Each structure stands twice: as C-alpha cells, then as structure tokens.
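Enquirer: So the chains spell out like this:
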Amino acid sequence: MTALARVPSAPASSRGMARADVVHTVRFVASKVAGLALVLLIVSALTFAVFVLLPADPAQLSCGRPCTPQRLEAARGYMGLDRSAWNQYADFLRGIVAGRTFGAGPTAITCDAPCLGYSFRLNESVTTLIVSRLPVTFSIAIGAAVLWFVGGVAAGVVAAIRRGTLTDRFVILGAVTGVSAPSYLVGLLGILLFGFTLDVVPVSGYVPFTKSPVGWAWHLVLPWAVLALLSAAVYARLTRALMLDVMGTDYIRTARANGLTERRVVTRHALRNVLIPVVTLFGLDLGALLGGAVITEKVFSMAGLGSLLLDAVGNVDLPIVVGVTLFSAALILVANLVVDLLYGLLDPRVRT
Amino acid sequence: MSLDHTSPGMVQRNTPIHRLGRDRIASAGAVTVAVAVLAAVFAPVLAGLSGNDPYAYDLSALDATGAPAGWGGGISAAHWFGVEPLTGRDLFSIVVHGARTSLLVGVGASVVAVMLGVLVGITAGYFGGWFDVAASRVIDVLFGFPGLIFMIAVGAIAPAAFPRVLLLVLVIGFFGWPSIARVVRGQTLALRTQGYVRASVALGAGPGHVLLRQILPGLTATIVVFSTMSIPGTIGAEAALSFLGVGVPPPTPSWGRSIGDAVTWFSTDPFYLLFPGVALFVVTLAFNVFGDGLRDALDPRSSGLTR
Numbered sequence: 001m002t003a004l005a006r007v008p009s010a011p012a013s014s015r016g017m018a019r020a021d022v023v024h025t026v027r028f029v030a031s032k033v034a035g036l037a038l039v040l041l042i043v044s045a046l047t048f049a050v051f052v053l054l055p056a057d058p059a060q061l062s063c064g065r066p067c068t069p070q071r072l073e074a075a076r077g078y079m080g081l082d083r084s085a086w087n088q089y090a091d092f093l094r095g096i097v098a099g100r101t102f103g104a105g106p107t108a109i110t111c112d113a114p115c116l117g118y119s120f121r122l123n124e125s126v127t128t129l130i131v132s133r134l135p136v137t138f139s140i141a142i143g144a145a146v147l148w149f150v151g152g153v154a155a156g157v158v159a160a161i162r163r164g165t166l167t168d169r170f171v172i173l174g175a176v177t178g179v180s181a182p183s184y185l186v187g188l189l190g191i192l193l194f195g196f197t198l199d200v201v202p203v204s205g206y207v208p209f210t211k212s213p214v215g216w217a218w219h220l221v222l223p224w225a226v227l228a229l230l231s232a233a234v235y236a237r238l239t240r241a242l243m244l245d246v247m248g249t250d251y252i253r254t255a256r257a258n259g260l261t262e263r264r265v266v267t268r269h270a271l272r273n274v275l276i277p278v279v280t281l282f283g284l285d286l287g288a289l290l291g292g293a294v295i296t297e298k299v300f301s302m303a304g305l306g307s308l309l310l311d312a313v314g315n316v317d318l319p320i321v322v323g324v325t326l327f328s329a330a331l332i333l334v335a336n337l338v339v340d341l342l343y344g345l346l347d348p349r350v351r352t
Numbered sequence: 353m354s355l356d357h358t359s360p361g362m363v364q365r366n367t368p369i370h371r372l373g374r375d376r377i378a379s380a381g382a383v384t385v386a387v388a389v390l391a392a393v394f395a396p397v398l399a400g401l402s403g404n405d406p407y408a409y410d411l412s413a414l415d416a417t418g419a420p421a422g423w424g425g426g427i428s429a430a431h432w433f434g435v436e437p438l439t440g441r442d443l444f445s446i447v448v449h450g451a452r453t454s455l456l457v458g459v460g461a462s463v464v465a466v467m468l469g470v471l472v473g474i475t476a477g478y479f480g481g482w483f484d485v486a487a488s489r490v491i492d493v494l495f496g497f498p499g500l501i502f503m504i505a506v507g508a509i510a511p512a513a514f515p516r517v518l519l520l521v522l523v524i525g526f527f528g529w530p531s532i533a534r535v536v537r538g539q540t541l542a543l544r545t546q547g548y549v550r551a552s553v554a555l556g557a558g559p560g561h562v563l564l565r566q567i568l569p570g571l572t573a574t575i576v577v578f579s580t581m582s583i584p585g586t587i588g589a590e591a592a593l594s595f596l597g598v599g600v601p602p603p604t605p606s607w608g609r610s611i612g613d614a615v616t617w618f619s620t621d622p623f624y625l626l627f628p629g630v631a632l633f634v635v636t637l638a639f640n641v642f643g644d645g646l647r648d649a650l651d652p653r654s655s656g657l658t659r
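Protein sequences, first through last, are from chains A and B. Each residue of the first sequence is one higher than the one before, starting from 1 at the first, in this note's numbering. Each residue of the second sequence is one higher than the one before, starting from 353 at the first, in this note's numbering.
Derived by calculation from the structure, the hints in this document are not laboratory data. Being a predicted model, the structure only gives us computed values, none of them experimental. The hints are all genuine.
Over the 12 Å line for every Cβ pair with chain B, so calculated as not near, a few chain A residues:
1. Arg27
2. Ser84
3. Ala85
4. Cys111
5. Gly143
6. Thr210
7. Gly259
8. Leu275
9. Ala303
Estimated spans, in silico, between C-beta atoms of each pair:
10. B/Arg550 - A/Val33: 37 to 43 Å
11. B/Tyr409 - A/Thr101: 48 to 54 Å
12. B/Leu564 - A/Gly248: 39 to 45 Å
13. A/Gly248 - B/Gly556: 45 to 51 Å
14. A/Val22 - B/Pro511: 51 to 57 Å
15. B/Trp482 - A/Cys67: 48 to 54 Å
16. A/Leu166 - B/Gly481: 49 to 55 Å
17. B/Pro603 - A/Gly344: 52 to 58 Å
18. B/Gly556 - A/Val338: 47 to 53 Å
19. B/Ala542 - A/Leu93: 39 to 45 Å
From the derived model, a few chain A residues whose C-beta atoms are all more than 12 Å from chain B:
20. Ala74
21. Arg100
22. Asn123
23. Leu134
24. Ser212
25. Val214
26. Ala225
27. Thr261
Note that the Cβ used here is the ideal one computed from N, Cα and C, for glycine as well.
Chain A extracted, bound-state conformation (with noise of 0.2 Å):
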C-alpha cells in the first residue's frame, strides 16, 4: 500500500486547466457508461439465450388442461413463442425500450416500457411486479448496508488502535464467527431470542416507510442487524490489517511530529487510505447483498424481490425469473459504476 501524504492542491487559476479536468471527468464517465451498456447488452443475450434454449415451454404451461395442439398453438403465438430465437430476444429488447403487445383485438394485453416481460400467470407486467417489491428489499439491503459498512470499519479501526488488547481479541474472534455462520442461521436464533424469547421485536412483516418511519424502521431492526453483523465481519478485518499496515507508514509518523493529535491523525490522515479498498470491497459485494437480501426476505417472511423470484421458480413462471435475473443483474452493475465514480472521487490516482 503506498501511502501519499496530503499533496497541498495546485491553485486551480488556470481557466483551461479546470477545463481539461472537465473534460477528462466527462471522458472518464462516458466510457464506464459505454462499458456498462456494453455488458447489459451481453448479459441480456446470455440470460435469453439459457431461457430460451432450455426445454421449459412457458406456453405448454400456461394453456390449461385439456392442451389441445391448436390450444397450444394459440398460446405460443400469443406469447410470441412462435417466432425464431433471435426475433423474440428482439422482441423483448424492444419491449423494453418501447413496450410491447401480447396478441392481437380485444384480448390484447399491452405492456407497457420498460416491458421487462409479461407473468401470464399473474396476469401483470413483470415490471410492475418487481417496481412494487422493490422498497422492501432496498429497505433491507441499504439499511443493512450502512450498517455493516459503518460498523465494521469501526470495529476494525478500533481494534487496529488497540492491537493485542482485549477488545482487539474480541473483534478477531468475533469477525471470525461471523464470517462462519450462515446468515439464515443467526437470522433464525435472533427471532427466538429477539422475538419469541424476549419479545422486543417484531418476528416477521413489513411496514411501508410512508405509513409509518418507525414502524418501518422496527420491522426492519433484527433483518438489518442480521445481514450487517455477517458481512460486518469481513470488513472489520480487513479495516483492522490495512489500518495497522498504514499506521507504520512514514507520513503517519510525520502527522504525529507535526503535532497532531491522535484523533485528527486516525480520521484524517490515516482513514483516508484506509477507506481506499474497503470501498473497493464494498462495490463488489453489493452483488452478495441482494443475495443476502433474498434469504433475509425468506427468513423474516418479507415480500420482496427474492420472495418474487423464489415464488416464480416455484411455479415456473419463467418470464419473471428472467426479468428479475436482469433487472437484478442490472442493478449490480450501476451500483457498481456508482461505487466507481466515487472511487475516482476518493482516491484522485485513479482518473489518470
């Protein structure tokens, strides 16, 4: 880890110097975005393409008993199976950008864009399906987020600062067991100790942040605490060695002869470099927390995304299983050219 002191900044009076960094950030943004729509794009095709390729035939289990051949014919141009494998990818790309319509006259069911395919089953776009599950799981994951963001670095900076005291060994042993114990298990144990036990928190349920801040928040404490305590872990530790490695560096030795306090030398000086690739950490295990949201929605009995998805594999509802597959795989990627671009902000070495 090479450690750069805090280089005085150049007095930006230049005109076309401000410009030339305009014009490099720009730079810099369009071609993540191109790199992002670049790999929507193939992922997009490679989900298709396994759904579509795979012997499930949505519309054999759609057309009802008894299946005659001409029902079942109806159903798949209905649905636009009938077409070639190229042109219902097409179809449903346009679907996206534009909407799409599904048969023709009266019956008509017309989906509106962004068309992310239709549950027949349902009888609902699986837009609307996935945009109406959305609060409860980003309530659980960004909650949680901010939670084992915030908790484990602190626990790691503390214990680095108190190396080979008590707490230190508390924080090891801790971050040790957490990164072992499958979240639906300590889910599990919190609601018979929280819920059944104790009976401080509610068990299961989901409360709308608009009805009602605090029941939101309530309903919402032991799956935060759950999928945080978890992932904390990993991030205390590796908080904990980067945060002993850069206190032995020199420039923290110089802050110190400077005269700083120890306070300002940790937070300002030290966390800095820190935060550097635990920022990193936290981009790639975003993917690893809609995941944990799933089994948190599954343990706390939650109505979310995952709930959705589980509930369509289930009934091989294939159209939502793609298009929350996507929608999902989507999410990760902006989330992750998010994390990205506050990265260049973090650590300015990265934008040359």
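Since the structure of chain A is already known, use the hints to place chain B on it.
Expert: Relative to chain A, chain B alone:
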C-alpha cells in the same frame, strides 16, 4: 514431533507444515475438517451405529401433533439427536449424511472453480493480448454479480432429469472461479518474466510445456490456499440454496434444507434447528480457520490481509 537432532542450536523447524502445527487454532480447524470428512465418508457406518438410516420413517417417535415426542426434539437412546418433525426420521443420521452432501457439493464446486480459475488465469496472464483483456473484463463483471439470484434462476429452468447435485456443483463452481483467476493471472504475470521461465522459452519450449512444467509448479501454494479458502463459501452456497428450497431435493439429507424446514418448527422444536445449524457452522468455521492458518504458514509475510 521429534526434536531436531541434526543441528542442536536450532530451536524450531521452519517448514510450512511445522508452522501450521504451531498454530493451535489452525490445527484445531484441520482436525475438525478431518473429522467432518471422516464422518461424511463413513456416514452409513456412523448412522448404522445408532441403528438408523436417514430415510426410514418412525412415526412412533412423534406425538399427536407431528412434533417429536419427549424432551429435546425426541432425544433418546435410539435417536441421539432426536427426530425430524412430521416424519420421525433420525436426525443424527440426517446430520452425518448431510455432511456427505455438503462436502461433496462444496469440494466439487471448489474443484470446478479452481480448475476454471487456474485455466483462465494462467492463459490470460501468459498470453496477454486481447484474450487477457476479455478475460479480465469477464472477471470484473462476474465479481460484482448477484450470483445467488442466478443460481436460484438456473434451478428453475434446468431439466428435471439433470442430477441436482451435479447441477449445484457446476453452478456454484461457475460463480466461484473469478477470484482464483484474478490471483493466478497476477502471479503468472510475475512468473513469466523470471529467468528460468525465459530460459525455458529461449531453449525452444512450447507454451504447453512452459505453462504446465515451469509456471504451474510456482502457483502450487496459491492454488492450495485458495482451494481451501473457497470451500466454506461453496458449502455455504449449497446450504443457502437448499435453505431456499432450490438446492438438493428431498429426501437427500442436506443441512441447509433441514434448517429451512426447521423454520416452521422452531418455536415448538428448536432442537431440529440446532443440530444441522451447529454442524454447518462448525464445519464452515473449521475450514475458515484452517484456510487462514494454511495461508499464513505458506506465506509468512501475509498477515490476514485477505477476506
């Protein structure tokens, strides 16, 4: 361990094995891993000791509501860990056979991940060029991917005839290779410029020889450590998928599925959650501390810097 007779002045041998042996926590992890592997291999024998198998129903061990009769989820001389609610199947047999499922899928998926990762990493690092650019991009994308969501989705569309355990091994393995590939690529880049590798190329060795005979041996330590450290993750993935009901199908015993089934029972029968849960936790913890210790032993400079 015997004393070192050849050089009386030396206090401690300093080979990786000895360093690992001095690390008490890692040694405990290694012993636990060994016990779990033995339990998995000899699962039918162990279950046979209690006179049970994981598939036999025993409705006489249940009360009228379907919950296990008696204290501790029906713990008795016949059923050491009690029985499963509703079926009365022996929980001890289920837990030891569950070790089989967990380790089979966990180790299998890790093998797939390591093989893929080494193959991609070593070729990308050695040949470079467009292949390296493409491979690195794929690794970057897969890294941040919601793997669990994809694994759940694949479970939905795989043909029923395809063996589920093999499917789990392949799917979990597929989402595990990027981290190994990235490290192997980095090390290959460094090894490629070493004198002995360049000498081999100058002597006319083909890429196959250089990769397998010159570079691969230099990667052994990394591969061993990463294989060990990836196993807790793959075991956890199997358990999570089974917990969600899209992993190993019944009646094959699986810790994750038992934990999932225990959800509806834990206010009446917490022991049904306890035994599979503790088994999963202990084995994961053992692999984690063993992997950490192995890494420290093979590379004394590292100090717990990785996840």
